[in-house]
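Undergrad: Could you fit the two chains together into a complex? Lean on the hints.
Protein chains in written order, with our numbering: chain A, 40 to 297; chain B, 95 to 346.
The hints are simulated quantities; they were obtained by calculation from the structure and are not laboratory data. Cβ coordinates follow ideal geometry from the N, Cα and C atoms, glycine included. Any given hint could turn out to be false.
Unchecked claim - Have a look at the derived ranges for each label pair, beta carbon to beta carbon: (1) B:Leu275 x A:Trp128: 27 to 33 Å; (2) A:Glu161 x B:Thr228: 46 to 52 Å; (3) B:Lys312 x A:Thr193: 48 to 54 Å; (4) B:Gly122 x A:Ile157: 29 to 35 Å; (5) A:Trp171 x B:Ala225: 48 to 54 Å; (6) B:Asp141 x A:His74: 38 to 44 Å; (7) A:Gln288 x B:Pro132: 52 to 58 Å; (8) B:Ala100 x A:Ile50: 25 to 31 Å.
To be verified - Here are the simulated DSSO-like pairs of lysine-lysine, each with C-alpha atoms no more than 30 Å apart in a straight line: (9) B:Lys106 x A:Lys158; (10) B:Lys254 x A:Lys158; (11) A:Lys287 x A:Lys158; (12) A:Lys69 x B:Lys254.
Spelled out from the first residue to the last, the chains are:
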Amino acid sequence: MELVNTFGSTIVDVAPIIAIVFGFQYLVIKKPIAHLKEVIAGFVLVVIGLALFLVGLDMALFPIGEMMATQLVSEDFLPPIEAGVSRHWSDYYWVYLFAFAIGASTTIAEPSLIAVSIKAAEVSRGTIDPFWLRIAVALGMAAGITLGAWRIVTGYPLYWFVLGAYILVIIQTLLAPRNIIPLAYDSGGVTTSTITVPVITALGLGLASAIPGRGPILDGFGMIALACLFPIITVMGYAQIAQHQARKQGALTGEHPK
Amino acid sequence: MSFSNALIFLGKLKDSLRDLLPVVLVVGIFQVAVVQKPLPEGVSLVDLTLGLGFVIVGLTFFVQGLQQGLFPLGEGLARELVSRGSAFWLFVFAFTLGFGSTIAEPALIAVAGQAAIMVSQSGLIEASEAAQATFAVTLRLVVAVAVGAAVSLGVLRILKGWPLHLIIIGGYVIVLILTLLAPAEIVGIAYDSGGVTTSTITVPLVTALGVGLATAIKGRNPVLDGFGLIAFASVMPIIFVLVFGIVAFEGG
Numbered sequence: 040m041e042l043v044n045t046f047g048s049t050i051v052d053v054a055p056i057i058a059i060v061f062g063f064q065y066l067v068i069k070k071p072i073a074h075l076k077e078v079i080a081g082f083v084l085v086v087i088g089l090a091l092f093l094v095g096l097d098m099a100l101f102p103i104g105e106m107m108a109t110q111l112v113s114e115d116f117l118p119p120i121e122a123g124v125s126r127h128w129s130d131y132y133w134v135y136l137f138a139f140a141i142g143a144s145t146t147i148a149e150p151s152l153i154a155v156s157i158k159a160a161e162v163s164r165g166t167i168d169p170f171w172l173r174i175a176v177a178l179g180m181a182a183g184i185t186l187g188a189w190r191i192v193t194g195y196p197l198y199w200f201v202l203g204a205y206i207l208v209i210i211q212t213l214l215a216p217r218n219i220i221p222l223a224y225d226s227g228g229v230t231t232s233t234i235t236v237p238v239i240t241a242l243g244l245g246l247a248s249a250i251p252g253r254g255p256i257l258d259g260f261g262m263i264a265l266a267c268l269f270p271i272i273t274v275m276g277y278a279q280i281a282q283h284q285a286r287k288q289g290a291l292t293g294e295h296p297k
Numbered sequence: 095m096s097f098s099n100a101l102i103f104l105g106k107l108k109d110s111l112r113d114l115l116p117v118v119l120v121v122g123i124f125q126v127a128v129v130q131k132p133l134p135e136g137v138s139l140v141d142l143t144l145g146l147g148f149v150i151v152g153l154t155f156f157v158q159g160l161q162q163g164l165f166p167l168g169e170g171l172a173r174e175l176v177s178r179g180s181a182f183w184l185f186v187f188a189f190t191l192g193f194g195s196t197i198a199e200p201a202l203i204a205v206a207g208q209a210a211i212m213v214s215q216s217g218l219i220e221a222s223e224a225a226q227a228t229f230a231v232t233l234r235l236v237v238a239v240a241v242g243a244a245v246s247l248g249v250l251r252i253l254k255g256w257p258l259h260l261i262i263i264g265g266y267v268i269v270l271i272l273t274l275l276a277p278a279e280i281v282g283i284a285y286d287s288g289g290v291t292t293s294t295i296t297v298p299l300v301t302a303l304g305v306g307l308a309t310a311i312k313g314r315n316p317v318l319d320g321f322g323l324i325a326f327a328s329v330m331p332i333i334f335v336l337v338f339g340i341v342a343f344e345g346g
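Next comes chain B alone, as it looks inside the complex (with noise of 0.2 Å):
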């Protein structure tokens, strides 16, 4: 590694640092100031700091590996499919482009493993290891067609410049009239997958995606039509899970 290249990773160190710095604070501030005692049982001060450091030495490289490896390669190829005008394509990028991040996203893995853990202690599932593990899969499988539908829903809006809140308000419909009809075990993991699939590495791919597609075409306005595509992939997932609830709980 070279000496600039060291001076960068260091900055993405600061910023994974700051990123994780308020919560280490308020938990530190918190136990020694209002719980005042020492850590429960089970919970040993080397493994947390341990913990912590792995997440940020992870993180670190995450985003140091995303920054330089996919996130170039993902605007080059928006902006050539783009300028290329094929429609199909396009769709086939927006789609695949937003599966193939969601089921890399750190954060969905965390939230559908504990997930998987709930539901299975709630019997709606067997409680083995494997019968979670397959749950674990299958939702993040769902959250991620659900952002590949929402991605492609979205270019589709920005190529007919359909207004964005009409889709939205439309969307929280369709996941109301859902929360009626799906199982009550459903709807929190439900509305929490909305929120997960937007974190590292989906918003920034998507945004070039989006950004690219307004600026290419006249009469869109990179900043009013380029950002919708991240409300659609919060909303979409809710939708998806709902039926994905409905479907192997309801019936059976």
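Next comes chain A alone, as it looks inside the complex (with noise of 0.2 Å):
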């Protein structure tokens, strides 16, 4: 059965970090570990998970991404147009409402955004609001697959939007407050959950070989990419708005927060 292999490829996963924990453990620090069937037990349970999760992979994740992309870009679901006549990127417009929704209905609840937006509003001093903050990131997230959708209908090569973006990221690295670019880099890589890099992936790879004249290796990867780095543009696009704001107000009042 599917399940036994996948069990067999998944303790071969997760056997080196295994390996290199209790190396580490007993031959470095060589000090017992305490609790240790707490331990074991929890390392048996990553192993079960990770083989369910695989399985669940293949029969609903891919299958999901990869049904929307077909559906939402089929010859009698799009608007007619005459025979011989190339389609108009514009017709595509339900592809850009659906990953604009995926991107930031996932991001918006996602667990670990809260904690992060939390973090932030502590170091700006309470100029940057938690809330404010994760509307920015899941703004990001889904300007980025929105993007990132846009691009493997037009067929534009994707370094152009990472050229692109890098340059932003750089120019506001270099005018954003100095103690949110850590956060800002790093909100980038939370957007990305387990759950919905695989679905992104497959509607990516679904759209590029659905629509005529792209190919999946040239124009459906990129998604993730522009996904992860876009938050980073919008977070410090909001630190340097909350910034300037802060200042404003301290001119009024007379007081200079730092």
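TA: As structure tokens, then:
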């Protein structure tokens, strides 16, 4: 059965990290492990959980992404065109809306993002509002995926977009309040969870396979990359706006917050 | 399982559900209101529901297992190694921790599998299942070595106090130069592999190491200096996978 094969391979996947931590514990630190039974039970749970997840990935997460891509770009779903005329990219508006909705909805409720935004509020001494920071990350993620979908439809090279995003990140790094920079960089990593990555990957590959003139290997990847880069830009952008507003208020009341 | 354990487990189950719910809602609304058609042929609602059930239960077990075993162990080791002050063991630990946690990262397993299928369809590797499996494992090893190198570099940065953004900008420049040299087929995969490394296992372990280190060293701010490790871990895999693409496909 599928599940049994997957179990075999997940043991191999988890073996290196188990060997590393146990090796360091017994050979370098040379101390016994506290709650050894619980720790071993934990590793057993990791193996079982990973195997179940990988089976569910093939049964549900990949098919969902691919299915939505295929349905939203099928000829009988899209507005009709005359024979021989090539399609304008704006015909695929439901694709962009779907990409935006997936990006925004999965990010706004992400628990690790909530934790990061509270931390950011502390670092900024209150100039940053955790709620608006979450909105900024969710908008960045949604914009990244939508732009990624648009790029797949139009077939422009991925590196143009990544180059553009890098330049924006660099400019903003030089301008944004210094203590927000590490958190901004990290917010890019936070947006891509174990559930969203497979769905988005399958969506991109499905779009690139179904749209005439596009191919999965050259056009299908890149949505994840843009989804990681754009939150960095929106978070630093929000921090700049928040700092500007705090200064303005400080000027009005005569206080000068740092 | 005792009663309190059962409660903790239910709490975790709720967290996994909250992760999945937005996806299910958005897809459901689009299917009913926008596509307005039954599911396409070959996709069964029973399989989807069962699969999502596996995903939820699997992820819940996975996270519970990590919090019960790997995370406390990893954090304890990070604290202990930092307090011993042996730079050699600290670097070995940083590298192996980044490597090992990336090999077990579920999102990377998923993307590497898809990448292997697409690369074999494009004709760069053989169309056999064995060739695909080899490519997927090689890709994961390359990314894992990259994350190991990234975490080691991050530790070095914290020790030396180098500014984060200068190294990141340097990384971006290297990425752009390599993009021009690498075969076009690997570029998308390389860029995406940067985003998938920072998921379930790697982030908490690596953050614990960074924050522990920044707290232990005088003059370092855990918030400012402890966080850069993740940023490195998302740029370094792009560089390594691009180089892998150049070496594996450009020369031959």
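Undergrad: Each hint needs a verdict: does it hold in this structure or not?
TA: Status of each hint after checking the structure:
Taking the beta carbon of each, Leu275 of chain B and Trp128 of chain A are about 30 Å apart, inside 27 to 33 Å as hinted. About 47 Å separates the C-beta atoms of Glu161 of chain A and Thr228 of chain B, a value consistent with the hinted range of 46 to 52 Å. Between Lys312 of chain B and Thr193 of chain A the beta carbon distance is about 53 Å. The supplied range of 48 to 54 Å therefore holds. Taken as a hint, the range 29 to 35 Å holds for the pair Gly122 of chain B and Ile157 of chain A, whose Cβ atoms sit roughly 31 Å apart.
At about 49 Å, the CB distance of Trp171 of chain A to Ala225 of chain B agrees with the hint of 48 to 54 Å. Between Asp141 of chain B and His74 of chain A the beta carbons are some 39 Å apart, a value that agrees with the proposed interval 38 to 44 Å. For the pair Gln288 of chain A and Pro132 of chain B, the beta carbons lie near 56 Å from each other, so the given range of 52 to 58 Å is met. Distance hint check for Ala100 of chain B and Ile50 of chain A: the Cβ-Cβ separation is about 27 Å, which falls inside the suggested range of 25 to 31 Å.
Our distance criterion of 30 Å between C-alpha atoms is met by Lys106 of chain B and Lys158 of chain A, whose separation comes to about 22 Å. Between the alpha carbons of Lys254 of chain B and Lys158 of chain A the distance comes to roughly 25 Å, so the proposed pair stays at or under 30 Å and holds. Simply put, Lys287 of chain A and Lys158 of chain A have alpha-carbon atoms about 24 Å apart, close enough for the 30 Å limit, and the pair holds. Using a Cα cut-off of 30 Å, the hinted pair Lys69 of chain A and Lys254 of chain B holds, with the two alpha carbons roughly 28 Å apart.
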